[in-house]
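Visitor: So you can see what is in the structure, the chains are spelled out below.
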Amino acid sequence: MRKLFAAVITAFIAFSLFAPEACRAEDYVEKYREYTEEGRNVGVTEFLTGETQDGEDDGLDSFLSSLPKNVADMLPDVTGDSDPAAAGEAFGAEYFVGLIFGEIGRAVGKILPEAAVLAAMAVIVFIMKSVSDGGAVSGTAGAVMHAAFCLTASYAGVLSFESVASYLKTLASVANAAVPLVTASLVATGNVTSAGVGAAFITATSDICERIFSGAALPMIAASTALSFAESVFPGGAAVSLSSFVRKAAIWITVAVSTVSSFVFGVQSLLSSAADTAGLKTVKFAVGSFVPFVGSAVGDTVSFIAAGAAGVKSVAGVVLLAVLFALTLTPLVTLVAGKATLFAVSVLCGVLGLQRSSKLFEDLSSASSALIALTVSASSVFLVIVFAFISYGGKI
Amino acid sequence: MDVLRIAGILFLSAIVALILRRTGSPLHSAVVCAGIVAAVGVCLPKIADAVETAKMIANESGAYRFFPTVLKVAVAALVCDVAADVCSGCDSPVLSKTVSTVGKIEILFIALPLFTELYRYASSLVSQV
Numbered sequence: 001m002r003k004l005f006a007a008v009i010t011a012f013i014a015f016s017l018f019a020p021e022a023c024r025a026e027d028y029v030e031k032y033r034e035y036t037e038e039g040r041n042v043g044v045t046e047f048l049t050g051e052t053q054d055g056e057d058d059g060l061d062s063f064l065s066s067l068p069k070n071v072a073d074m075l076p077d078v079t080g081d082s083d084p085a086a087a088g089e090a091f092g093a094e095y096f097v098g099l100i101f102g103e104i105g106r107a108v109g110k111i112l113p114e115a116a117v118l119a120a121m122a123v124i125v126f127i128m129k130s131v132s133d134g135g136a137v138s139g140t141a142g143a144v145m146h147a148a149f150c151l152t153a154s155y156a157g158v159l160s161f162e163s164v165a166s167y168l169k170t171l172a173s174v175a176n177a178a179v180p181l182v183t184a185s186l187v188a189t190g191n192v193t194s195a196g197v198g199a200a201f202i203t204a205t206s207d208i209c210e211r212i213f214s215g216a217a218l219p220m221i222a223a224s225t226a227l228s229f230a231e232s233v234f235p236g237g238a239a240v241s242l243s244s245f246v247r248k249a250a251i252w253i254t255v256a257v258s259t260v261s262s263f264v265f266g267v268q269s270l271l272s273s274a275a276d277t278a279g280l281k282t283v284k285f286a287v288g289s290f291v292p293f294v295g296s297a298v299g300d301t302v303s304f305i306a307a308g309a310a311g312v313k314s315v316a317g318v319v320l321l322a323v324l325f326a327l328t329l330t331p332l333v334t335l336v337a338g339k340a341t342l343f344a345v346s347v348l349c350g351v352l353g354l355q356r357s358s359k360l361f362e363d364l365s366s367a368s369s370a371l372i373a374l375t376v377s378a379s380s381v382f383l384v385i386v387f388a389f390i391s392y393g394g395k396i
Numbered sequence: 001m002d003v004l005r006i007a008g009i010l011f012l013s014a015i016v017a018l019i020l021r022r023t024g025s026p027l028h029s030a031v032v033c034a035g036i037v038a039a040v041g042v043c044l045p046k047i048a049d050a051v052e053t054a055k056m057i058a059n060e061s062g063a064y065r066f067f068p069t070v071l072k073v074a075v076a077a078l079v080c081d082v083a084a085d086v087c088s089g090c091d092s093p094v095l096s097k098t099v100s101t102v103g104k105i106e107i108l109f110i111a112l113p114l115f116t117e118l119y120r121y122a123s124s125l126v127s128q129v
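In the order they appear, the protein sequences are chains G and Z.
The first sequence begins at 1 in the numbering used here and counts up by one.
The second sequence begins at 1 in the numbering used here and counts up by one.
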């Protein structure tokens, strides 16, 4: 009953958010009909913007040129003219394994000195507390030493909010840049309605998700971290932790947004002629993952992605996946390394008897998990968009 | 072993102070104070070693940014606690309490820049995203 209620609420929110975009999609289709009736050959840019463009544009080259430099540097040399077999070879297992281990090496190299500083600070605070422990003043001294430890943690930079904010912004711009790419493949294969609907929905979803993730979820996680510091330095003995409440609310929003967007695209794919298992997976995702439990949400998203990945047939599709992979890998690996560090320091503090510090680092580790959930959810929304397009009948 | 020496000093001080108190001598407080100071004096080289170790860890790991503050706070707490104990030993609980209060104020004064910096960090965390 609760799941049914959740599904109804999800559907209601989804269609409230996306109904205006559906109207825009109708405009696209109408515009295309006008162009074809006039006997004009419509390019992707013209289809989307109404502006005439000289020369042929298959979408891929302009998409690649619009990528941020750090992401473009991570990709092999592929263009719109590339042979699919050669592109497949360039994006082979060797490329992905090299990318993963390169990022892991970079993240570990960056995080190890920070971990050493935090571990050293834990030992220093332990020594100093042992020296000054026992008297009436030792409580105040302990609180000040803990504050110094908190500041060391803040300067260590294991929680990189800026990098997640920057990632969300870049992901939204990449999603927008992918609109001509996926539209080109759909227009080329004659799926005009899907192209119109899809272009409008991609634009709307990336915009809505970026606004909610960057404007609500991320500031809430940052605020919960600030509250964790405040609760740790000035413990009030409250039964309910406000920081934990805010963090859980942020995760709930993150999962709800990714569920809503998945639901919308799932319904679209069910309505389209090429409805397949991917669409059914999305409905399962919408109903089963409304409860804000990130592990389940990610698991179902992965199933959905696996269902859609089989449909990738061209250079553009592979490039799109590789771009998302390269884009997500850096912040994700950094966050996971940061979380591991925070967890290890929390355990060390517990062993040294610094219970207050141990609780703080446990909270920071949870904040890191929330950031990981946010990153994974944002990338999964993008992937759902791509694979929903595949189920529309596109050959990206 | 230093710990045995310290225990011996304090045990002897306690017995002598007790005898002097029973005989009505006003010197029993002085004996207690002397015992505390002597015990801390024996401990000092060990404390210096611990501080040196912490300093070495701070320098080698790069965690030296807040080390001076932590050291100042630890020393202030130690000095104030010993002074408060001496005052208690001299049958002056009011003085002992005053020393503790002054010690707390001193420690908070040392920590003010830390709290300011922490507040700024929390503010920036909320406003940066």
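Watch out, some of these pointers could steer you wrong.
Only pairs whose alpha carbons sit at most 20 Å apart, straight line, appear in this in silico SDA-like list of lysine to any residue [what the hints assert, rightly or not]:
(1) Z:K46 / G:K110
(2) Z:K72 / Z:L112
(3) G:K248 / Z:K46
(4) Z:K104 / G:S358
(5) G:K110 / Z:S61
(6) Z:K55 / G:K110
(7) G:K339 / G:S358
(8) Z:K104 / G:F234
(9) G:K110 / Z:K104
Derived coverage of chain Z by chain G (criterion: at least 3 residues anywhere in the stretch with Cβ under 8 Å from a Cβ of chain G; other residues may be distant) [claimed, not checked]:
(10) 9-17
(11) 20-34
(12) 107-115
Just so you know, these hints were derived from the structure itself, not from any lab.
Just so it is clear, CB atoms sit at the ideal spot from N, CA and C, and this is done for glycine as well.
Visitor: Against which earlier hints does the structure fall short, listed by number upward?
Guide: Structure breaks hints 1, 3, 4, 6, 9, 10, 11.
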